[in-house]
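Q: Residue strings, one per chain:
Number of protein chains: 2
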Amino acid sequence: MAELRRDPIVGRWVIVDKEHSCAPKDFKYEQYIPKGGTCPFCYGSEAMTPPEIDSIREPETAPNTPGWQVRVVSNKFPALQVEGELNRRPVGMYDMSSGIGAHEVLIETPYHAKDICDLLPREVENYLKMCCRRAIDLAKDKRFKYLMFFRNFGSAAGASLEHPHTQIIALPMVPKNALEEIHGAKSYYDYRERCIFCDIIRQEEQEKNRIILENKYFISFCPFVSRFPFEIWIMPKKHNGAFCFMTAEEIADLAVILKETIGKIKKVFANLSYNYIVHSAPINSDGEVEYYHWHIEFMPKLTQVAGFEWGTGFYIDPTSPEIAAKYLKEIKE
Amino acid sequence: MAELRRDPIVGRWVIVDKEHSCAPKDFKYEQYIPKGGTCPFCYGSEAMTPPEIDSIREPETAPNTPGWQVRVVSNKFPALQVEGELNRRPVGMYDMSSGIGAHEVLIETPYHAKDICDLLPREVENYLKMCCRRAIDLAKDKRFKYLMFFRNFGSAAGASLEHPHTQIIALPMVPKNALEEIHGAKSYYDYRERCIFCDIIRQEEQEKNRIILENKYFISFCPFVSRFPFEIWIMPKKHNGAFCFMTAEEIADLAVILKETIGKIKKVFANLSYNYIVHSAPINSDGEVEYYHWHIEFMPKLTQVAGFEWGTGFYIDPTSPEIAAKYLKEIKE
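Chains as they are written, first to last, in my numbering: chain F, 1 to 333; chain E, 1 to 333.
Straight-line Cα separation of at most 27 Å, DSS-like style, residue types lysine-lysine; simulated pairs:
hint: 1; chain 1: E; residue 1: K18; chain 2: F; residue 2: K142
hint: 2; chain 1: F; residue 1: K18; chain 2: E; residue 2: K145
hint: 3; chain 1: E; residue 1: K28; chain 2: F; residue 2: K28
hint: 4; chain 1: F; residue 1: K28; chain 2: E; residue 2: K76
hint: 5; chain 1: E; residue 1: K142; chain 2: F; residue 2: K18
hint: 6; chain 1: E; residue 1: K176; chain 2: F; residue 2: K145
hint: 7; chain 1: E; residue 1: K25; chain 2: E; residue 2: K332
hint: 8; chain 1: E; residue 1: K186; chain 2: F; residue 2: K176
Heads up, incomplete: computed chain F residues facing chain E, CB under 8 Å, no partners named:
hint: 9; residue: M1
hint: 10; residue: E3
hint: 11; residue: L4
hint: 12; residue: R5
hint: 13; residue: V10
hint: 14; residue: R12
hint: 15; residue: I15
hint: 16; residue: A79
hint: 17; residue: Q81
hint: 18; residue: G84
hint: 19; residue: G92
hint: 20; residue: M93
hint: 21; residue: D95
hint: 22; residue: P175
hint: 23; residue: D199
hint: 24; residue: Q304
No lab work stands behind these hints: they were computed from the structure. The C-beta atom is built at its ideal place from N, Cα and C for all residues, glycine as well.
Turn these sequences into a full structure, and let the hints guide you.
A: This is the structure in structure tokens:
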């Protein structure tokens, strides 16, 4: 019989098929092999993007020329605009505001076809450093309440450009899913006076059967209430609401665990498309930090999300996280 | 500039691109043309499915033989099982229960390649009557707290079988998204002492520019806070929490508006895949009915849902609902 599992943070129920869990070979997913061709994010194409906002580059190379290792530009087709007033207002019984925000693209590497797992640890560190730098800079704009860092990798994951990149969206309000996590974590904190994410780490370290990798500062595991087969969370062991204040040591540990975790899942599923999202505390607000704990949620594109999942927030996971973690743990990089 | 719009029911923010709204020709979607072949849901294949639970069929024809117009069977690969105890229990800090529930398939028509828009109004009425009958029957099992009726049509919408069918899942708990709608609707009711859905209908009838079709008992429109381009809601004008108590007159009106709405969108988008979900009040509970109002949410598969949407509950709609409704209204069936 399947199990119904309840997410302790947001209260979502998921059906986990523990008895007949699908093995990696059972998934028929769309494999992703970059085609190459003219690419605005490649070395030498710097003029094809909007001007550089920030970069990590060789000394004495000028912005918008080669020499960079990580590069941030405005999105050419931004979903939101930096200029203007928020102008929140009613429309009859509805509520709206102007599309104020920021939409940036972080080009992770000059190499068109290298995923994070193919980079050197030092290169991944530079990518993560730049994420932190952009978060700290964007938070200076007091109109912004939430920063979303997310990565669509591969066509099946919705990436419209092949070259590896992370998108950054600054929003003038906290999105619903973040609010739900925060409210859930707060309820738990109010009752137990402990961070729910810290307790999840304790529970995972006790049970051990869902852990994939661990180092001094980070842990990667398949969550007990995985919505998707082979879903993975990467979490800092030290309690911290926002990701952007990591120390150099923590960044180095995250670089290793991120690179190795992605390396492992791509050994299990060749040419996999996936998404990951950084879940971090709201910015320019106060008091969230004691009960919120930042983390990364990694979602491989192995199955199709249909009406059931959209309409209900109810997911069916055909591979139990215990079995998924076993496959991932056993794979050698 | 884009607009940020807030869903009055669940508080979800959506970015609507009003200035550069995509026209139907701008969408490159996966067209769906049924391939045919051996099908367990076709006339004469009755022995290939689990035994009939209910059907509407010619007088004097036996169950599990031809002669039916609508037929309900158990799902051959059910996500949940009817037999057993719920056995809700903790696992360390987590919470789980046995996978108790029901998972049925309603075969809508004997015709393999006929969508709802291709059926006669009387045939659609029979389909709807059977939905009501199954809802009333399943609600007798006091372990069930929520019934989900949903339809995946076409491969891009996640349908694993071509033959048109609706899935029914009975759950031992109310799923998160339903709870959110109910809580949002209750907050509104507590403040205004009016049903939020009734107010939405009033607002739409006043503005008129998002309405697609209307008859005595039903209205179909593109919601102000559409998550997806050409999203459509179909709502009863008369306040009612649960769909299963419709009168024959109401069923007749819903049959017409459902058939014609789907007919219109499939004229705009040939061979479209789509999902729809019936949102109805929880069962075997009390007191929800005054502030909850059942409705159907229809989601065409024109765009890909990526990490952004999953991870944040934040959507970008490239076609404003005002423009989508204009296209749909103008199309003649």
